[in-house]
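J.: All chains, please: the whole structure from these sequences, using the hints.
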Amino acid sequence: MAATVRHYVLLGVLALFILFLYGPTLTILVLSFQGPDGGLTFPMNGVSLHWFHRLFETQAVGDFAGSLRRSFTLATMVMASTVVVSLAAGMAFRRKFWGAGPLFTLTVASLIIPSILVSLGVGLLFNELGLDPDWYSSAFGAQLTWTLPFGLLIMFAVFNRFNKAWEEAARDQGATPWQSFWHVVLPIILPSVIGIALFGFTLSYDEFARTLLTAGSDNTLPLEIFGMTTSVTTPVLYALGTLTTLFSFVVILVSLLIVRLLAAKRAL
Amino acid sequence: MTEDVLTSGAVARPAATSHRPARGARAWIARSVPLLQAGPLALILCIFLLLPMFVLIVVSFFDYDSVQIIPAFEFTNYTDVLGSEVTWRTYLNTFRYTVIVWAVTTVLGFTVAYVLAFEIRSKTAQMVLFLICTVPFLTSNIIRMISWIPFLGREGLLNSTLLKLGLIHQPLEFLLFSDFAVVLAYTHLYSLFMVTPIFNTMMRIDRRLLEAALDNGAGWWRTVTSVIIPLSKSGIAIGSIFVVTMVMGDFITVRLMSGGQSASVGLMIANQIASLQYPAACANAVVLLAVVLMMIAAILRIVDIRKEL
Chain A
0 MAATVRHYVL
10 LGVLALFILF
20 LYGPTLTILV
30 LSFQGPDGGL
40 TFPMNGVSLH
50 WFHRLFETQA
60 VGDFAGSLRR
70 SFTLATMVMA
80 STVVVSLAAG
90 MAFRRKFWGA
100 GPLFTLTVAS
110 LIIPSILVSL
120 GVGLLFNELG
130 LDPDWYSSAF
140 GAQLTWTLPF
150 GLLIMFAVFN
160 RFNKAWEEAA
170 RDQGATPWQS
180 FWHVVLPIIL
190 PSVIGIALFG
200 FTLSYDEFAR
210 TLLTAGSDNT
220 LPLEIFGMTT
230 SVTTPVLYAL
240 GTLTTLFSFV
250 VILVSLLIVR
260 LLAAKRAL
Chain W
0 MTEDVLTSGA
10 VARPAATSHR
20 PARGARAWIA
30 RSVPLLQAGP
40 LALILCIFLL
50 LPMFVLIVVS
60 FFDYDSVQII
70 PAFEFTNYTD
80 VLGSEVTWRT
90 YLNTFRYTVI
100 VWAVTTVLGF
110 TVAYVLAFEI
120 RSKTAQMVLF
130 LICTVPFLTS
140 NIIRMISWIP
150 FLGREGLLNS
160 TLLKLGLIHQ
170 PLEFLLFSDF
180 AVVLAYTHLY
190 SLFMVTPIFN
200 TMMRIDRRLL
210 EAALDNGAGW
220 WRTVTSVIIP
230 LSKSGIAIGS
240 IFVVTMVMGD
250 FITVRLMSGG
260 QSASVGLMIA
270 NQIASLQYPA
280 ACANAVVLLA
290 VVLMMIAAIL
300 RIVDIRKEL
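Protein chains in written order, with numbering that gives the first Met the number 0: chain A, 0 to 267; chain W, 0 to 308.
Note that these hints are calculated values from the structure, not bench results. Just so you know, these numbers come straight off a predicted model, no measurement behind them. There may be inaccurate statements among the hints.
[What the hints assert, rightly or not] Here are the computed lysine-lysine pairs in the DSSO-like style, where the Cα-Cα straight-line distance is at most 27 Å:
no.	chain 1	residue 1	chain 2	residue 2
1	W	K122	A	K163
2	W	K122	A	K264
3	A	K163	A	K264
T.: So this is what it looks like as C-alpha cells:
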C-alpha cells in the first residue's frame, strides 16, 4: 500500500518536472499569437499572426533573416566537423597511442573551462594575430571546443558497448580496415553518430557565450535574440522564440525519425 | 629503421604489399593510424583552446589605458583584482548561487533520475520519458530564460492566480528580476546536466543488489540511502562538475534574470570586456579558471569518477 502511494507520488514528481521544463515555453508559444494590441503578459488581447509578420519586417528586428542564415550555415558546419572529427578520434581512442592521456585531459578541460573564457581567449588570439574575427572562423572554432568533447564522450559510450566480434569476423573474411569500418562498424554505430550530429547542430545553433566575442561584426541568431531582450518590449520577442524553438523541435524530430527508420530497417 | 623495413618489403614483394604489408610496416601503420585519427581533434583543441588560454594568461600581465593595451609584465591587474572588495563580494555571491543551485539540482536530478531508472518499468516508456527530459536541453537557453517573464512578472500568471485566489493582496515583487529568478532559471537550464549522468550510473546498478537489500530487511528509504546513493556517486559527481562550472562561469542568466541587480564573476568579466579593459578581464578570467579547477579537483578528491569513463 505504502509502496503504491510512493510510486504514484514519485510519478507525480516526474510529471511536475516535465511541466517545469515545458510550461514556460508553452506560455510564450501561446502569447506569441497575441493580437496587435497585446502585451508581454496574459490576458490574450485577441488572436493574430501580427507579431510573426512583424518579425519579417527588417525595422522591427535587427537582421533576423541574415542572422538566421548565418546561424544555420554555422550549425551545419559545426555539425559536419563534430561528426567527422569525434568519430575519427573515437576510433583512435580504442587503441593506445602516443599522447592519448594528455589529449583526453585537454578534451575534458574543453568541457569545463567557462565559455566566456574561451570566447575572450579566442577573440584576443585573433586580435593579436591581426585577423578579423568572423562567425565562420573564430566563432566556428570556439563552438567546436564545446561540441567536440560531447561528441567524443558519446563515442566513448558507444565503443564501451561495442562487440568487437563483428569486426574480427569482417577481418577474418578478408576485409581491409577501411571496409570493416565502412560496412560493419559505421552501420552499427550509425544511430549514435546521428545523435552526435544532432548535438553538434543544436549546441551550435543555440550557442551564445562562445560566440559573443568571436562572431565579429555579423550577429548569429542567439546574439540577435539577446540584443532584442534589452530593446524589444513587444510579443515579437515571443514570436521569434516560438519560431526558433519549433525549428529546434523539427531538427530533433527528424533525427529521431532517421534513427527509428534505421532501427526498423535493421529489424527486417 | 621502420621505414627501411617498409621500403625493402615493398621492393622485395611488390605484389604482396597491397594486401599484406611486411611485419614492420604493419606495426608502423598500426601506430600511426590512431595518431592520424586523433590529429584533427588535437589540432582544433590546440588552436582554439590551448593557445587562447595562453594568450589570456599573457594579456593578464599587460598594462592598459583608456585607448589601448600595452604589452608589459606586471602584476597590477592581479593586485587590482584580488585587492578589490568588489571582487570578493562578487565571488561570495557567485559561490552562493553555485551552492544553492548545486543543492537544488542534485536533489531534483537524483529524484528524477531515480523515477526514470527504477519506477518506470517499461523500457519504451523509460526511453520516451528520458527523451522528453532531454529535448529542452537542445533548445535555446536565452529563449528558455525569456519564457519565465510571462509567468513570474508583476502581472504574470503566478501573481494574478495568487491574487485571484486571495492568497496575496499585493503582487509579489521578488519573483522576477531577483536572486530567486536567477536560481530558478539556473535550475531550469541545468538540472538536465544532473539527471543524465545520474540516470546513466543508475541504469548500470545490478538490480539484484536492490532485491538483496530488500531480502535483508532494508526498507525503501534504507535501500535508497545505503545502496542506490553510494552506487550513484560517480554520476552525481559528473553532474556536479557540469553544474558548478556552468554556474561559476555564467553571466547571461544573471544579467537577464536579476535585471542588473545582482553580480557574478562572469558578469564582472563581461562588463570589463565591454569597457575594453582586456588585461583586467584576463586577470579576472585566470583567477576564475584557477578557482573552477580547484573546485573540480575537490569534487574529484571526494568521488572517483574514473570507472564512469
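J.: Taking the hints in turn, state whether each one holds.
T.: We went through each hint and held it up to the structure:
no., hint, verdict
1, W:K122 - A:K163, "26 Å, holds"
2, W:K122 - A:K264, "20 Å, holds"
3, A:K163 - A:K264, "22 Å, holds"
When each numbered hint is compared with the structure, no violation occurs for any of them.
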